[in-house]
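K.L.:
Now for the letters of each chain:
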Amino acid sequence: MSFSAIKNKIGSGLKPILFTPWLLLVLAALLWFFSLQAFKLNDMQDWGLLSVFPASIIAAYILLLIGFASLYLREQVSDVLFALYILLFILMIHGTPQILYGTLRYSWAWKHVGIVDYIIRYGTVNPQIAILSVYHNWPGFFALNALFIQLAGFSSALTYAGWGPVFFETLFAFSLLALFRLFTQDRRLQWLGVWFFLLTNWVGQDYFSPQATTYFMMFGLLILILLSFGSKQPLSLTSWKNRLSSMLRIIKLPPRFVERISSLKLPIMSPPEQGRTKLSQLALGVIVLLVFGVIVSVHQLTPFMGVIAVVVLILFGFIRWRTLPIWMILLIVLWLAFPAKQYNKTVEGSILESFGKVEQTVNSSLTDVTSVSTGQVVVSWMGRGLSAFIVLLAGVGVFQRARKGYLDLPAILLATSPVIVLFLNSYGGEALFRVYLFMVPYLAFLAAGAIIPQEETSRNWLQPIAVGVLSLIMLVAFLFAYYGKERQYSFTKGEVAAAEYLYSHAVPNSLLVEGSRNYPTMFSNYEYFTYVAIDREPADSINRLLADPVVVLDEWLSNTTRYKASYLFITRSQKIYIDDVGGLPVGSLERIQSLLEKSGKFEVVFSNQDAIIFAVRKNIK
Amino acid sequence: MKKQSDYYLTVIVLLISLIATAAVYGEWLNPLRGILVFVFMLICPGLAFVHLLPGKDQVTRFILVIGLSLALDTAVAQIVLYLGRWSPHLILLILIGFCCLGLLLKILAENFRQRSVDIITPS
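Residue numbers (numbering that gives the first Met the number 0), protein chains in the order written: chain A, 0 to 620; chain B, 0 to 122.
So here's chain A without its partners, still in its complex pose:
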């Protein structure tokens, strides 16, 4: 037997084993699991969790990417295998931080736990409350969790909230799969769209929050509307094509181009089911309005995104319930006029002020790279780069699909329509991220079309290579963008212990001075405190405090006529936040802590390696 024959024999024997996606899946899972013990969290650098990645976890990700890409070599792949790859990816990306830290990430998530705690203690909400009033005006998510905690017999939402990203990303992935099934019948394209979504959804809106809940509900609502009130084919197809052709003729495009566009195939959305009675159609209408009503009561921005999406789909003939937006707007107006009346009164001025100021809205959303640390500049640019990349790839996808005769119009409309929000409101400097969040599922689907432009194509080796290479590029940027702020977002058990001590020992009407808001905050008895974050004080106040911290903080914490007790709380994550993001000069909190400890005027009420609580000596009884 010749050498080449032996080589071929070995090769053909090994090929099915080495490239068995099942084997790669199991290997990736095992490698990931054992890598978790190799993380040295104390060594985390400026660019977050990625800085302490052991080589083995990178190998696990690469195995997972190769395994997923290899699915595109095969003629037949079961949905179960695709689903397992998706689930393992979610667990590896979103489960890793929870397993490593054992504490809830993101200071905002801790605030959400605090609102749930408020409802459990009082059995009501207070829309006029001074702190975090927005949550008391949109309490749906918090009421849901208060209900769950009390029925389940848990002590607080902290028992499970850390697993929020895994739970929500799983819901996002499968709801998008269901939505993409309305856009195309090609299963490989549907799964690749979901895969690209997971690789590009870096904005971190998947934690324990109202917006994550409504984001999922919005996908469910769209599926429900399209399946129940989708236009009857092919009537809308013909009318839409005529409409588009006349529109293109008005702006005088070359007739050949108009002809080509008009000849493209639109996705075959599921036609309304046969035999549906008027009564069942009415019941579906009620369900649609019920789900949207709940979205309205849970989150402020999502309902507007929903209205925009529905209006655009109606305009282009994909939804036949033309009065639906009126009902939707009515529900929003009713909520703003009654349950959220108090909050609405306080913010309407600022809403009107930011109306139409797109440039200001965009700028307020972007990190000022001149004021942050070097590592954070890289993280910021990775996020921007990944966003630009998926937009570009989506463009290529639209072009490629059009060349093969397909026009993914619903996905194009849903991907572009959220931009309208930039004209309406800055949303506290977050509008751009939220717009991206609502665009990215459809961008991901369109981008998948760049690799799989044709529904019935024979398998070729270029497709798995393209899936693998593009996934790798996205993964690298994603790991920087998503994990890049983990030094700020993660809290040690020491910090949590200090925060638990503070919030359980506090009496109502206390003053809490904080280095910054970035710590496990407001999660219990949150209304007991008046909060003063040093980095959010006016510039002259900060300058005065930095010039003589002992005198100024003694003055602040000694106001016994106004407050029953006063504390200064400094933690590891506050210091990191200040040093990475700015607000105070680098090392300010460390210096303040050191001066206070030496002064003898302050009592250390609680301290450990990651946190310290000060009170003025004379105030301690």
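Derived from the structure by calculation, the hints contain no laboratory data.
Among the clues, some could well be false.
Straight-line Cα separation of at most 27 Å, DSS-like style, residue types lysine-lysine; simulated pairs [stated by the list, open to error]:
1. K55/B / K277/A
2. K563/A / K110/A
3. K264/A / K105/B
Guided by the hints, dock chain B onto chain A, whose structure is given.
P.N.:
Same frame as chain A, now just chain B:
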């Protein structure tokens, strides 16, 4: 086949509702109690109304069931909250009531459909 799956669905909804209620009122230990309540809240209210939902694809129907369940849980919890009568046990009972209503509607619809078929089909 359809009849059999309908039967299983009714049994599943009733069984989970019953066990979750027993876990809550019997103050069973965690994590079992938490898991049972989670499963109940995540699927039961929506599953009881699944016959009203569109779509034939299993993933789609499952997603719609979860979405409807969360919507019903949230809606009932909020109404009770705004009425100033916050009581998790009361909300649980209302949700079980919704599950029973959904199943009852399904049985009535099936009977109505069967009767229509009987009338149309000559014996």
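K.L.:
If a hint holds in the structure, say so; if it doesn't, say that too.
P.N.:
Here is what the structure says about each hint:
The suggested pairing of K55/B with K277/A holds, with an alpha-carbon distance near 19 Å, which does not exceed 27 Å. About 23 Å separates the Cα atoms of K563/A and K110/A, which keeps this hinted pair within 27 Å; it holds. In summary, the hint linking K264/A to K105/B is not supported, as the alpha carbons are separated by about 39 Å, beyond the 27 Å threshold.
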